[in-house]
Amino acid sequence: MSLYPSYARPRSLQQAVDLLSGLQGGVVVIAGGQEILPSVNYGVLMPDVYVDIGGIEELIGISSVGDELVMGALTVHRDIQGHADVQRLAPLLAQSVSAMGGGWQVHNRGTIGGNIVAMHPLYDIAPSLLALQADIELIDAAGTRRLSFADLLADSSHGLGTKAILTRVFVTASPQSSWGYYKLKNTSGAYGSANAAAVLETEGEILTAIRVVIGAAADQLTLVSDALAGLTGAAYDAAAGAEIERICAQAIGTPLSDHQGDGTWRRAMAGVVARRAVEAALLPATGPDS
Amino acid sequence: MEDLLEQSALVQWRIDGELHELEVVPGASLLDVLREQVGKTGTHMGCRTGHCGACTVMIDGAVAKSCIAMAATLPRATITTIEGLTAADGTMHPIQQAFWDAAGLQCGFCAPGILLSTAELLQTNPAPNDAEIDAALAGTLCRCTGYQSIRRAVGEACVRMYPDAAGE
Ligand SMILES: Cc1cc2nc3c(=O)[nH]c(=O)nc-3n(C[C@H](O)[C@H](O)[C@H](O)COP(=O)(O)OP(=O)(O)OC[C@H]3O[C@@H](n4cnc5c(N)ncnc54)[C@H](O)[C@@H]3O)c2cc1C
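Order-wise, the sequence lines are chains A and B. Per our numbering: the first sequence = residues 1 to 290. Per our numbering: the second sequence = residues 1 to 168.
Check the hints yourself; a few may be wrong.
[Stated by the list, open to error] Selected chain A positions facing chain B (in silico; Cβ < 7 angstroms):
{"hint": "1", "residue": "Tyr4"}
{"hint": "2", "residue": "Pro5"}
{"hint": "3", "residue": "Ala8"}
{"hint": "4", "residue": "Gln34"}
{"hint": "5", "residue": "Pro38"}
{"hint": "6", "residue": "Val40"}
{"hint": "7", "residue": "Asn41"}
{"hint": "8", "residue": "Asp52"}
{"hint": "9", "residue": "Gly54"}
{"hint": "10", "residue": "Gln105"}
{"hint": "11", "residue": "Asn108"}
{"hint": "12", "residue": "Arg109"}
Everything labelled a hint here was simulated from the structure, so no lab data went into it. For glycine and all other residues, C-beta sits at the position ideal for the given N, C-alpha and C.
Using the sequences plus the hints, can you model the full thing?
This is how it looks when you write it as structure tokens:
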């Protein structure tokens, strides 16, 4: 132990993984630092070792293979917002990343990997990734594996940030689907009090599939799809909107109750943002305003 | 692999045109190094959480909050601070002059965030509309709440930097 923490900047993924697997506790992987530094500045986090993955070229960049969008973990928010492949294949993701707070300064440095691994309930990227049925890839001493984002959320032993490194995020486009993101920002500062991402499929006016993910209302994301199945087979109307509101509010188990708003209101707003995200998906030109 | 571990990191930065080679402690922010090791006190410490933007600098041409950038993670970088906007002979940058003339700032504490974000915006957008200005400046809080005059001063800066684009 020394008074100051130590630091390493591995040059390759393999080097980083070897290093992490040889280290004991007190290790933190650092990418853009937008999450870590505020905690370090206030003494909330006092790592013994920083492993800086910022120099690992393999983790940088956005590409697409057919209908699949592939984003390296070090891709910064700013690059996602403006990238043509993201606009084409996953505009919902571009929209939710644009809704993030912190301004250009944070968007220029914060990475998608860091945002995912932070798993903060108020954050904006995760609802869209779950709605889009994204996959992620991670690497640790046991090797590389690809899993669904949903499975990652359910797995508390993934070791990301200390033993494992998130390497890539995959989203497959579904050309017949429409999408909407709605962030209800009711306080000063960056975060929403309830956020919703909706992915719908329609045939003409008829809703054929509906999938809504609500964030910021509970300490876990809330996926609502089966409970909304009764709305498929018909066109969307005001009554359907009221039903979405009711079902989605009800889907929130224990709502968060914090400086973003108290629990009763958060549950009600979960329903409202769900309806507005669905309306945004159906009426992209006019947008939600009710 | 443990031999990769260092107790300090050596960084090479071109700060406002001048080359510096510095030894930085892991965990230290770019803000602390700029203010305490380099003496660039124009970069202000406001919140240390990344919310206020008073510590804004440009890293390789893109704005960043220096209080939440870890110095060691920037082995080589070109850094522009608010002090670097001014020419060596003391002539103010057109953005600074526009803010001066249009009274765009009040107390001035947020100037690093407002002026450098304006600089990044105007690099690629010679005639931003209000929504584009707001998006570019959203990362900086003006505690004097002078947002209307800030918008006006950005407009004035556009006219000075791109006289041909004005009025479009
Ligand atoms: C002022 C401000 C406002 C913000 N507003 C919003 C907002 O409105 N919505 C929103 O969603 N987010 C917001 N954020 C959060 C922020 O943008 C993200 O969390 C950021 O993207 C984190 O990325 P990073 O690379 O900086 O992470 P870091 O701080 O470097 O790391 C964050 C965590 O992830 C781990 N980690 C990072 N990369 C990897 C990897 N590849 N593999 C394994 N572990 C990894 C680290 O160990 C650490 O635990 C805001 C942040 C700030 C400072």
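Each hint, compared with the structure:
Annotation: Tyr4(A) was flagged as interfacial toward chain B, and the flag holds, the nearest CB pair being 6 angstroms apart, inside 7 angstroms. Because the beta carbon of Pro5(A) sits about 5 angstroms from the nearest beta carbon in chain B, less than 7 angstroms, this interface hint is met. Of the supplied interface hints, the one on Ala8(A) holds, with its beta-carbon coming within about 4 angstroms of a beta-carbon of chain B, less than 7 angstroms. The interface hint given for Gln34(A) is met, as the beta carbon of that residue sits about 5 angstroms from the closest beta carbon of chain B, less than 7 angstroms.
Hint status for Pro38(A): holds, given a least beta-carbon distance of 4 angstroms to chain B, under 7 angstroms. The beta carbon of Val40(A) is positioned within 7 angstroms of a beta carbon in chain B (closest approach about 5 angstroms), and the interface hint is therefore held. With 7 angstroms as the threshold, the beta carbon of Asn41(A) comes within range of chain B, its nearest partner Cβ sitting at about 4 angstroms, so the hint holds. The criterion of a C-beta within 7 angstroms of any C-beta in chain B is met by Asp52(A), whose closest approach is roughly 5 angstroms, and the hint holds.
Checking Gly54(A) against chain B by beta carbon gives a least distance of about 5 angstroms; that is within 7 angstroms, so the hint holds. The interface hint given for Gln105(A) is met, as the beta carbon of that residue sits about 4 angstroms from the closest beta carbon of chain B, less than 7 angstroms. Residue-level restraint check for Asn108(A) holds (minimum Cβ-Cβ distance to chain B is 4 angstroms; threshold 7 angstroms). Look at Arg109(A): its Cβ gets to within about 5 angstroms of chain B, closer than 7 angstroms, so that hint holds up.
Checked against the numbered hints above, the structure violates none of them.
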